[in-house]
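Those protein sequences? They're chains E and W, same order as listed. Here the first sequence is numbered in our numbering, starting from 1 and rising by one per residue. Here the second sequence is numbered in our numbering, starting from 1001 and rising by one per residue.
Hints were generated in silico from the structure; no laboratory data involved. Beta carbons: idealized from backbone N, C-alpha and C, even for Gly. Hints may be right or wrong, so weigh each one.
[Stated by the list, open to error] For lysine-lysine, the following DSS-like pairs were computed, each having C-alpha atoms within a straight-line distance of at most 27 Å:
no. : chain 1 : residue 1 : chain 2 : residue 2
1   : E       : Lys95     : W       : Lys1190
2   : E       : Lys101    : E       : Lys113
3   : E       : Lys61     : W       : Lys1648
4   : E       : Lys2      : W       : Lys1502
5   : E       : Lys61     : W       : Lys1693
6   : W       : Lys1416   : E       : Lys2
7   : E       : Lys79     : W       : Lys1695
8   : E       : Lys36     : E       : Lys101
9   : E       : Lys113    : W       : Lys1589
10  : W       : Lys1695   : E       : Lys53
11  : W       : Lys1695   : E       : Lys61
12  : E       : Lys113    : E       : Lys76
[Stated by the list, open to error] Not everything, but these chain W residues come out facing chain E in the computed CB check (under 10 Å):
no. : residue
13  : Gln1450
14  : Ala1454
15  : Asn1461
16  : Ala1469
17  : Pro1470
18  : Pro1471
19  : Asp1473
20  : Leu1617
21  : Ala1662
22  : Leu1669
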Amino acid sequence: MKTINIIILAVIAAAIAIFVGAYNDSSTYADFKTAKENLGQEYHIVGRLNKLKPMVYEPLKNANRFEFFLIDSLGKEAKVIYSEPKPTDFDRSDKVVVIGKFESKEGDFIATKILLKCPSKYEAENTAK
Amino acid sequence: MEVIYSGENLILGNVGHFFVALAFCAALLSAISYFISTNNKDDKGWKKLARTSFWIHALAVTGIFTTLFIIIYGHYFEYQYAWQHSSKSLPWYYMLSCFWEGQEGSFLLWMFWNAVIGILLIYTVKDWESPVLAVVCLTQIVLGSMLLGLDVGEIYKIGSSPFSLLREKMAANAPIFRTPDYLKQIVDGKGLNPLLQNYWMVIHPPTLFFGFATSIIPFAFAISGLWTGQYKAWLKPALPWTLVSVMVLGTGIIMGGFWAYESLSFGGYWAWDPVENASLVPWLLLIATVHLMLIYKSTGTSIILTYLFSIASFMLVLYATFLTRSGILGDSSVHSFTDLGLSGQLMIFMFIFYALPLFAMVKDKRQKIYLNLIYWSLFVANIVLGIVSKNAMYFSILKWMDIAMFAAISFWFVYKLYKTFPASKMEEDFKSRELWMFIGSLFLLLSAFQIILATSFPVINKLFGSSIAPPADAIEYYNFWQMPIAIVIAFLTGIGQYFKYKTSSFKVVGFQLIKTFAIAVVLSVACMFLFQIWTAYYLVLLLAGVYAIVGNINFMLTTLKGKLWLAGGSIAHIGFGLMLIGILVSSAKKQVISVNETVDYGKSMDDKAKRENMLLLKGDTVRMADYLVSYGSDTVIGPNTFYKVYYKGIGNSDEFFLWPNAQINNNQLNANPDTRHYLTHDVYTFVSNVPDKAKQNSEPWGEPKVHQVIIGDTIKTENGMVIFESIDKNAKPQQLRLNHQMLGANLKIVDGKHVYRTKPIFGIANDKSLYTIESVVDEAGLKFQFYIKAADAGVAAFIETSERPAIRDFIIMKAIVFPYINLLWGGVIVMVIGFALSIVKRTKEYRRSLEK
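Let's have the full structure, built from the sequences with the hints guiding it.
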């Protein structure tokens, strides 16, 4: 077998490894129920804020703790704890993606990252007029 | 009812529209003429026509640019673009940034660069002018269509014009537009996103877009090669241009990183955000393309991959454009554009260019007919169905047909390449330079593949209905693959050059390799102690970076004998090695110093939770690593609030102020960091939260409590102890020129370690009427009244206290030390110098080959 063919085969093998790896290491979009059934497993959960319940951020007591309630796409609600300051633009976002996990059946959802989906400024302007 | 509007300047818009139409038509004419000229070489007339129309096109594009600038500069807010993206207070250089805040402006920028490139190509590429410019014109047609703003029927529009009027873009029945002189009510535009009001944002987008635009050159040459049947001659003129593309795009990307580091608060220069990735991937492929071109130039092999990479680089630029502008990244990226309704057009863009190489290559008449028939019927089906149908099943069938077509085009094209170019006869000797370069190029491809795959998850989800989420920890996810690849590439840059093309004597090479490796190991050990890196994996990366530097310096000294003009490649490699070390040390040894270890938050706090943000009360001093840090005050300048943070080194005389700032509007905080730069490290600081002062001030006061007191008494309140120290018998405030007697109660408030003093006043007017002047201590949340009145035993003093939550001025801040980050920036500069030298060298080579 020619050297060049071996190299090309090796590259193809590496590409397949990357492909499989990319799929395996990626997290999936899920809901709170699934996350609770798989404790310790990280998920992306898309939901909306429950603005009727309190969002708690008390920087004077603890600058690294923010709590709020999120309703997932199936309507299930959970309290989310985030150990960072309250993200900017949080109040304005209608859709929130939290990345994290449940550590126990009774515990709250521990988020390591929050992505905000804000209504774009174009839309915001139109509704304001 | 028709309203006749007053005060609008419609001439500018009409001029703008005219230029847009002219640019589009001239590009169309030029493309057709160049097309005919390519197929009829001897007919000079078409070429002349094509050139003239390209010049008209280029001038028209400049006209669009100028008109739009006049509209923004003159604050013609009747135009949506000016209103949306600018304001009166904007300095002129930020008005340029207005262009790229909107999609139309950035398409325009791309077109402008393409026009510049086109003119340069016309006068430099000689025989290649017609086919290359035909391809350039095709992109100009497509880009130009993005600006047309033509309505086709009720629902579909072609492009989005930057010259639309505000009243056309907004809901037409908005109440404001019912008055003819609505313009008088529009006092100012919405203004430019404050994040873009940064000098890096004036030069980063044009540089990046110039890089994107130049990627058309290797693509256009490759297509021309296939089209004219001169399969190999294009590589020589294309090589220096491809290097230009690598240099400019690379500079543009890193400028973006530097901007992010200087003005965004995610704490770094690279976040593996899809938008960043989308620009990095074409760059990686362009570098691989350069190396493959060099292999071809010296050995005549690897032509197939050269074609594929030249074409793929531009395809990926198109794909990147689609990703960032179609809105598909909405969930996964922080800075992509929202969909402007152009996603359909962007898909057509990709659809056309994807088939172009195959169209250029198919010469057989019957094959041509088949290809055209299948391709164009599917093309029409896509457009018709996209506009007319809402039926999901049709869409699904069409989607699979499209996927099948894309696959078929790819296979057909690669098959044709294999048929045209007989099996690659590359030297497979491990002692040949081309083999190592080839392997390096493949590793660049792997790197690009991994990044684009992970970035494309939203696209994959949309196509196949899956629900793969982007990686939770992007940095860890990408580094897992990118780090080993970077290690291999860095070693290859050092090793590869010692081998000669075709084959070399192992004795000579072996000696140099052992020598450089030994030096690199020694230096790496020194670096290990200097940088305090003890992780084995990181040490391998460190060694790879050091080796890239040592290997290339040694190559320059021994083989090139220090001739800098020839050493472009080696210098670029050295830059890469420096960058790698800079990236490694600044991220692996990055230290968040704003960690509060002393405060115990109790059990409720998760042990593992991060404590990377610190509370700084005004006036307090807190220790952060080797600094004592305090927050002084805030100052509002324009839209920004600046927070004065004072750093004092412990055990040394180092002291400085940082002014991290933030824009606060609608209760939202948009923080920008401030950084203290040292040669060996940076201290990076931003505020992650600040109190809402307006809200605090509107808190209601609690019920007043009355206390009968004598001097020396202490009143206990929720917010602290109040000590009634003495009475000031002449407590007249200076601004009151009243001839009354006024008594003041000297009060001392002790709240933890804070002490405040205040003096409520009791006054007796000349007519014997009594009154009080209250005093407020916001920081303690206390309000006082003081009076004297009859009591059980004669007269007594009374103090009335009201409480509310204390108003605390504070910031929550995060501070990070990035060690040796200057190695990264320095490495980039060295790399760019290397590219520049290579461009000069390869251009000279090309000129010399022309003279022969």
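Here is how each hint holds up against the structure:
no.	hint	result
1	E:Lys95 - W:Lys1190	holds, 24 Å
2	E:Lys101 - E:Lys113	holds, 11 Å
3	E:Lys61 - W:Lys1648	holds, 26 Å
4	E:Lys2 - W:Lys1502	holds, 16 Å
5	E:Lys61 - W:Lys1693	holds, 17 Å
6	W:Lys1416 - E:Lys2	holds, 23 Å
7	E:Lys79 - W:Lys1695	holds, 25 Å
8	E:Lys36 - E:Lys101	holds, 8 Å
9	E:Lys113 - W:Lys1589	holds, 22 Å
10	W:Lys1695 - E:Lys53	holds, 19 Å
11	W:Lys1695 - E:Lys61	holds, 18 Å
12	E:Lys113 - E:Lys76	holds, 20 Å
13	Gln1450	holds, 5 Å
14	Ala1454	holds, 5 Å
15	Asn1461	holds, 9 Å
16	Ala1469	holds, 4 Å
17	Pro1470	holds, 7 Å
18	Pro1471	holds, 6 Å
19	Asp1473	holds, 8 Å
20	Leu1617	holds, 8 Å
21	Ala1662	holds, 8 Å
22	Leu1669	holds, 4 Å
The earlier numbered hints are all upheld by this structure, with none contradicted.
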